[in-house]
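Following the hints, complete the assembly by docking chain B onto the known chain A.
Keeping their order, the protein sequence lines are chains A and B. Just so you know, our numbering puts 57 at position 57 of the first sequence, and the rest follows in order with no gaps. Just remember that our numbering sits 326 ahead of the position in the second sequence, which is counted from 1.
Mixed in with the good hints, there may be bad ones.
[Stated by the list, open to error] No farther apart than 25 Å at their CA atoms in a straight line, the calculated lysine to any residue pairs in the SDA-like style are these: (1) Lys128(A) to Gly544(B); (2) Lys588(B) to Leu102(A); (3) Lys128(A) to Phe439(B); (4) Lys128(A) to Thr442(B); (5) Lys128(A) to Leu535(B); (6) Lys588(B) to Thr240(A); (7) Lys128(A) to Asn540(B); (8) Lys128(A) to Leu577(B); (9) Lys128(A) to Glu538(B); (10) Lys281(A) to Phe439(B); (11) Lys588(B) to Leu126(A); (12) Lys588(B) to Ser238(A); (13) Lys588(B) to Val298(A); (14) Lys128(A) to Gly598(B); (15) Lys146(A) to Gln159(A); (16) Lys588(B) to Gln125(A); (17) Lys128(A) to Val582(B); (18) Lys128(A) to Gly584(B).
Bear in mind the hints are in silico, worked out from the structure with no lab data behind them.
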Amino acid sequence: MRNPSTRWLWVLSLLVVAVAVPFIVSGYHVFQFTMVLNYAIAVFAANILSGYNGQIALGNGAFYALGAYTVAILLEHTGIPYWATIPFAAAICFIAGFLFGLPALRLEGPYLALATFALAVATPQLLKFHGIESWTHGVQGILVSKPDAPDFLPLDADQFLYFFCLAITVLMFALGSNLLRGRTGRAIVAIRDNPIAAASMGIDTSLYKSMTFGVSALFTGVAGALGALTTQFVSPDSFTLFLSISFIVGVVIGGVATVYGAFFGALFIQFVPNYADQISKAAPWAIYGTLLILGVYVMPGGVIGLLRLLARLAARSRPRGSGHAD
Amino acid sequence: MQAFLHQLLSGIATGGLYASLALALVMVHQATHHINFAQGEMAMFSTYIAWSLVEAGFPYWAAFFLTLVFAFVLGVFVQSVILHPVRNEPFFSVVIVFIGLLVIFNSVAGWIFTYTVKTFPSPFPSRGWFGGNYLSPHEIGMMLVTLIVLALVFAFFRFTSLGLAMRAAAQNPVSSRLVGIRVGSMLALGAGLAGAIGAVAGVMAAPILYLEPNMMSGILLYGFAGAVLGGIDNPWGAAIGGVLVGVLENLAGAYVVGTELKLSVALVVIVGVLLVRPSGLFGRSVVTRV
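Okay, chain A solo, but in the shape it has when bound:
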């Protein structure tokens, strides 16, 4: 993956697979893969914050909920088209994330994990708060209508929504990986690896850390916005602690501080609960938890770490000499 041309080959093949998916599978499975895309954005967001910047945050579900509710409320109360709601969700979540990131500056390691854990636990309660009931409809939640495919495209509504989410996923990953590759990205990683050295190199660590929090919230908010369009319903009880945990789970399963690991993480959080349900109807989450712990034992670097390891092993087993061709 170090080699730029192999990187593009990977991205291209990933894209080809992604475009083919809604024509191969049908109905409910298209919905599931649409959710995979949304989760991939959210997992990437969690990875930017926790993996690259080293701020272990367990409360991203709150920003996912904020993005979802922004879309639902805008669609209900204003006449703006569905696609125009996404930037609003992004902007509101960025501001919220930046503001939450300011106090979070003073929290390190376990403290941040605790504070954000508390945020995740409190989210459903906050959404049920009767003071904002006229907007959120309390426990009932809000129905969101599914966008229709434009007439000139030969797609049904599910397929169209999939491609809409895919387009935004590609955009977000392009933006995110660009951000991480440049000067900003190096600063973000430097703060994780050695905050004091980073500060003495002239990096404004406070600004960068709260900006990273804001960017992560923005990405998560976009994922939540797409999630609301996909599930066509938002309610307080869909944004529990487990949602927040899922994003972090996705980060670890995909690979900490990797870009494309997010897709493997998203596949895990979308499909493994279903499969666990098939294995054991009685205690599906026990299977999920066990797989999770085994995942950490067996592949500490996540799926991407495992792939890199396999690539290295393959390179080593090749006859001597050919490995130095480049």
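Leaving out everything else, chain B in the frame of chain A:
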């Protein structure tokens, strides 16, 4: 005034539960620098064991102490078997293992004991204790039990050589190993004790909250808030923090935000305290050598 006094005292009583859980969290954190997100679920699971024993006809206090033994063994098992493979992994991986445990305990409890809410007996008489106007006998008993647990833990760490060895292992593992302390065993012992303390909180909470797999999530959150308020490197501070959070929660619930937003009080406490005094009320501020 009477209503206020009632809220205050019952806040202290529930605060005792948070204090126990906060103490358990701080003990694990001091020894391993990790936060056991599964502490509440382990306590909940132990409480189910107590329930089964009582149902099977054991007298209450026999069931109580057998449960403590179970919780101790569970804590040791988690620390020395489940966490052993990730002891050198980064903080992140350990968080995930704890979260996996949280999910597993929750799910397995629901599987074995079903999700139907169960009543749990209280060992204390139903009426006719002193101060009866303000507190129920169970709340008074809960306070007493919490105080006894705190006193025992304090005495253990202060006056026994094993307690001293455990403190040494937590504070300076390398030097402790040099003087012949088995650091790994000490960590496991600490986790076991933390498990037992958490189980006390679970068993005491069950008659009030009723027993169900999600019983401890609120208490865990308040326990976190208490630990942060008191200082996560100070067990006694954490215990006091737990009681303060209990009082705050009750008063805020009664007079300020209503019961709807009670959990958010914990969030506000955690973030607020960390903003004003990041090391907690009784914590030492950490100075890093550059």
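Status of the hints after comparison with the structure:
1. With a CA separation close to 17 Å, the supplied pair Lys128(A) and Gly544(B) stays within the 25 Å bound.
2. Distance hint between Lys588(B) and Leu102(A) is fulfilled; the C-alpha atoms sit about 24 Å from each other, no more than 25 Å.
3. In summary, the hint linking Lys128(A) to Phe439(B) is not supported, as the alpha carbons are separated by about 29 Å, beyond the 25 Å threshold.
4. Taking the CA atoms of Lys128(A) and Thr442(B), the gap is about 24 Å. The hint holds against a cut of 25 Å.
5. The hinted pair formed by Lys128(A) and Leu535(B) meets the criterion: a straight-line CA distance of about 21 Å does not exceed 25 Å.
6. Between the alpha carbons of Lys588(B) and Thr240(A) the distance comes to roughly 16 Å, so the proposed pair stays at or under 25 Å and holds.
7. The suggested pairing of Lys128(A) with Asn540(B) holds, with an alpha-carbon distance near 19 Å, which does not exceed 25 Å.
8. As the CA atoms of Lys128(A) and Leu577(B) are separated by approximately 21 Å, the hinted pair is consistent with the 25 Å bound.
9. Between Lys128(A) and Glu538(B) the CA atoms are separated by roughly 22 Å; this keeps the pair inside 25 Å, and the hint holds.
10. Note on Lys281(A) and Phe439(B): the hinted pairing holds, with a Cα-Cα distance of about 15 Å set against a maximum of 25 Å.
11. The straight-line distance between the Cα atoms of Lys588(B) and Leu126(A) is roughly 10 Å, inside the 25 Å bound, and the hint therefore holds.
12. Between Lys588(B) and Ser238(A) the CA atoms are separated by roughly 20 Å; this keeps the pair inside 25 Å, and the hint holds.
13. Only pairs whose Cα atoms come within 25 Å are accepted, and Lys588(B) paired with Val298(A) is rejected, the gap being roughly 40 Å.
14. Distance hint between Lys128(A) and Gly598(B) is fulfilled; the C-alpha atoms sit about 22 Å from each other, no more than 25 Å.
15. Our distance criterion of 25 Å between C-alpha atoms is met by Lys146(A) and Gln159(A), whose separation comes to about 12 Å.
16. Distance hint between Lys588(B) and Gln125(A) is fulfilled; the C-alpha atoms sit about 9 Å from each other, no more than 25 Å.
17. With a CA separation close to 17 Å, the supplied pair Lys128(A) and Val582(B) stays within the 25 Å bound.
18. Of the supplied pair hints, the one linking Lys128(A) and Gly584(B) holds, its CA atoms being roughly 13 Å apart against a limit of 25 Å.
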